[in-house]
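Heads up: the sequence lines are chains A and B, in that order.
For the first sequence, the residue numbers in the numbering used here are 1 to 114.
For the second sequence, the residue numbers in the numbering used here are 1 to 114.
Bear in mind the hints are in silico, worked out from the structure with no lab data behind them.
It should be emphasised that the depicted structure is a prediction, and the values quoted were computed from it without experimental measurement.
There could be a bad hint or two in this list.
What the hints assert, rightly or not - Taking beta-carbon pairs under 8 Å as the criterion, some of the chain A residues facing chain B (in silico):
1. LEU14
2. GLU15
3. TYR19
4. SER24
5. LEU27
6. GLY90
7. ALA94
8. GLN98
What the hints assert, rightly or not - Which residues of chain B face chain A? A few of them, derived with a C-beta cut under 8 Å, are:
9. GLU15
10. LEU18
11. LEU21
12. SER22
13. ASP23
14. SER24
15. VAL59
Just so you know, even glycine gets a beta-carbon here, dropped at the ideal spot from N, CA and C.
2 protein chains.
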Amino acid sequence: MRPYKHPAASELVLERVLYALSDSIRLDIVRHLAHVECATCGELDGGRPKSTVSHHFKVLREAGLVLTESTGTTHMNTLRHADIESRFPGLLSAILSQGAPAKRKAGAKKAKAA
Amino acid sequence: MRPYKHPAASELVLERVLYALSDSIRLDIVRHLAHVECATCGELDGGRPKSTVSHHFKVLREAGLVLTESTGTTHMNTLRHADIESRFPGLLSAILSQGAPAKRKAGAKKAKAA
Numbered sequence: 001m002r003p004y005k006h007p008a009a010s011e012l013v014l015e016r017v018l019y020a021l022s023d024s025i026r027l028d029i030v031r032h033l034a035h036v037e038c039a040t041c042g043e044l045d046g047g048r049p050k051s052t053v054s055h056h057f058k059v060l061r062e063a064g065l066v067l068t069e070s071t072g073t074t075h076m077n078t079l080r081h082a083d084i085e086s087r088f089p090g091l092l093s094a095i096l097s098q099g100a101p102a103k104r105k106a107g108a109k110k111a112k113a114a
Numbered sequence: 001m002r003p004y005k006h007p008a009a010s011e012l013v014l015e016r017v018l019y020a021l022s023d024s025i026r027l028d029i030v031r032h033l034a035h036v037e038c039a040t041c042g043e044l045d046g047g048r049p050k051s052t053v054s055h056h057f058k059v060l061r062e063a064g065l066v067l068t069e070s071t072g073t074t075h076m077n078t079l080r081h082a083d084i085e086s087r088f089p090g091l092l093s094a095i096l097s098q099g100a101p102a103k104r105k106a107g108a109k110k111a112k113a114a
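Next up, chain A with everything else stripped away, as it sits in the complex (with noise of 0.2 Å):
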């Protein structure tokens, strides 16, 4: 099995990385690795089809959020998050320590303009 291509530290993109964490399934799995060493796809896929979380991985790789190794059949994804600090200080932080999303409500109120 080929290895995962990770981009470089260096090589990282703010605009991707936000958008990678623009999504409630990717934002969730980058808090779950936040607190811990390292976990399978398997205990990040939160039941979800492979096919949906193996994009959502892809997503996360590519923005440098995420590095998967391969062990055998297993994946094995770290946060990377020394190389996000080192490019974006503060900015992972920043968006992880924002309690859970609001739901939108169906029907919900917006303030109008001034």
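Given chain A's structure and the hints, the job is docking chain B onto it.
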């Protein structure tokens, strides 16, 4: 002209804010607005086509980042700094304090997984 609709501060969703800032044009608009009290769309469009810029302003408004008010035929935009700060403390400054993103080089080498 009907006023633009804007979400209330309590309705802001983290993923939507991150998505809005995951585009370099929108990130530039927000960076610009962070340094001025307000600005017209024309001052922020960087010479881009109106249709393109209108879409970006819509995404920024719906994420709660920008307030657009119509005064006659002019649209005046303001960064909703206080609302974003009250909902997501430290987030906006952590994002805007990052340097200009690295440009991706064609054929740039990628680090392989260890």
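Each hint, compared with the structure:
{"no.": "1", "hint": "LEU14", "in the structure": "holds, 4 Å"}
{"no.": "2", "hint": "GLU15", "in the structure": "holds, 5 Å"}
{"no.": "3", "hint": "TYR19", "in the structure": "holds, 4 Å"}
{"no.": "4", "hint": "SER24", "in the structure": "holds, 5 Å"}
{"no.": "5", "hint": "LEU27", "in the structure": "holds, 6 Å"}
{"no.": "6", "hint": "GLY90", "in the structure": "holds, 5 Å"}
{"no.": "7", "hint": "ALA94", "in the structure": "holds, 3 Å"}
{"no.": "8", "hint": "GLN98", "in the structure": "holds, 5 Å"}
{"no.": "9", "hint": "GLU15", "in the structure": "holds, 5 Å"}
{"no.": "10", "hint": "LEU18", "in the structure": "holds, 4 Å"}
{"no.": "11", "hint": "LEU21", "in the structure": "holds, 5 Å"}
{"no.": "12", "hint": "SER22", "in the structure": "holds, 4 Å"}
{"no.": "13", "hint": "ASP23", "in the structure": "holds, 6 Å"}
{"no.": "14", "hint": "SER24", "in the structure": "holds, 6 Å"}
{"no.": "15", "hint": "VAL59", "in the structure": "violated, 11 Å"}
Figure legend: structure checked against the earlier numbered hints; the only hint not met is number 15.
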